[in-house]
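Undergrad: Sequence:
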Amino acid sequence: MIGTTSRWRKSSHSNAENGSCVEVDDATPGRVRDSKDPSGPALAFTPAAWQSFVSAVRSGEFGASAI
Numbered sequence: 001m002i003g004t005t006s007r008w009r010k011s012s013h014s015n016a017e018n019g020s021c022v023e024v025d026d027a028t029p030g031r032v033r034d035s036k037d038p039s040g041p042a043l044a045f046t047p048a049a050w051q052s053f054v055s056a057v058r059s060g061e062f063g064a065s066a067i
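Numbered according to our numbering, the sequence shown terminates at residue 67, and the numbering increases by one at each position without gaps.
Since the hints were derived computationally from the structure, they do not count as laboratory data.
Even glycine gets a Cβ: it sits at the ideal position worked out from N, Cα and C.
Possibly wrong hints are sitting among the right ones.
Between beta-carbon pairs, the in silico distance windows are [unchecked claim]:
(1) S52 to A27: 15 to 23 Å
(2) S6 to A48: 15 to 23 Å
(3) T5 to S59: 29 to 37 Å
(4) S52 to C21: 16 to 24 Å
(5) E61 to S39: 13 to 21 Å
(6) G60 to T5: 31 to 39 Å
(7) T5 to G63: 13 to 21 Å
(8) E61 to T5: 27 to 35 Å
(9) S12 to D37: 17 to 25 Å
(10) P38 to S59: 24 to 32 Å
(11) S39 to S59: 27 to 35 Å
(12) S52 to S11: 16 to 24 Å
(13) G63 to S6: 24 to 32 Å
Required output: the full structure, derived from the provided sequences and hints.
TA: The following block contains the structure:
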């Protein structure tokens, strides 16, 4: 987004060796990227789609335990 400064935040589930994790952009809800490739592409979802995904993860819909 033009005029918006990204504020990337790494997943709290990231390990100390910077293993597999994602970062979310707190300045633009719905933007995510691979923390191992910060200069690489970012995915962008609508805020509603992102909230739906987060809710599904939290409820264990993908087989993972709740956050």
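Undergrad: Kindly indicate which numbered hints from before are broken by the structure, ordering the numbers from low to high.
TA: Hints 5 and 7 are the ones this structure does not satisfy, whereas the remaining hints hold.
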